[in-house]
Amino acid sequence: MTHYCVYFTIYLGERLPPFYIGSTTIEKIKNGYHGTVCSVQYKDIWKSELKNNPRLFYTIVIPDQYATSLTDILELELKWQKLFTVVSSPLFINMSYARKGFCGNMESGRKAATSRIKNGTNVRSAATKQAMSISKQNQSIETRTKNSEKHKGKNHSTETKIKISVAKTNPSIETRLKMSTSQLGHTVTEETRRKQREANLGHEVGLTTRLKLKESQLGMKLWNNGQIQVRSKLSPGKEWVLGKIKRGG
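Numbering-wise (this note's numbering), the sequence shown opens with residue -5 and increments by one.
Derived from the structure by calculation, the hints contain no laboratory data.
Quick list of in silico lysine-lysine cross-link-like pairs, DSS-like style, CA-CA up to 25 Å: (1) 238 with 208; (2) 227 with 45; (3) 24 with 208; (4) 238 with 227; (5) 148 with 189; (6) 238 with 215; (7) 76 with 22; (8) 215 with 232; (9) 76 with 155; (10) 208 with 41; (11) 22 with 37; (12) 45 with 208; (13) 240 with 227; (14) 73 with 37; (15) 24 with 155; (16) 76 with 37; (17) 189 with 144; (18) 73 with 155; (19) 155 with 208; (20) 189 with 146; (21) 227 with 215.
None of these values were measured; they are calculated from a predicted model.
Kindly produce the complete structure, drawing on both the sequences and the hints.
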């Protein structure tokens, strides 16, 4: 009996979006299979990168997403693809949703999604985003405590973990600048430093994690504008120069 699975491929290079979701047999995954891309936009690049830079591909089987029939596994694959709206997401290589006997070379799904984004359909307005941000920043200590208590003892589902991973992967330069700016003037207390040291005592980073961290930093450079500095593969703007901020002696 053939056993199928849904897999999640992570690409660590620069020529393609970083993620791909598909389904295949467990045996093929064990033999190093990372997926088959048929879209006009990415097909040739995908084949070239697999041939010349196989180390940039990392594939995991999504836990508990198995089936013994092609119909069932395609339903599971489609569920995961729709969960991340892969067709409209710039983070995914997928250009169409899973269909029996069909390879994702149709552009209609992505064109429809691009049209919705262009027209502002199902996209939060800047005013809404700002209001949500202000509301979150102004939460009282009581509200934050309640939210914290509410989530104690809860574990993220596999779907949530992958969503968090996607969200944290390759943040834009704008996001990095916001993160860097938000820390300006912030001083870490000695008590906090002590707690961090105690929390990390005896903690060892595994080899797999080290390799992933090393791969994620490939091509990254340090840039500064005289006030703050960020790591990025490309210059954040004209006023930015390579290197650390030069402090006065």
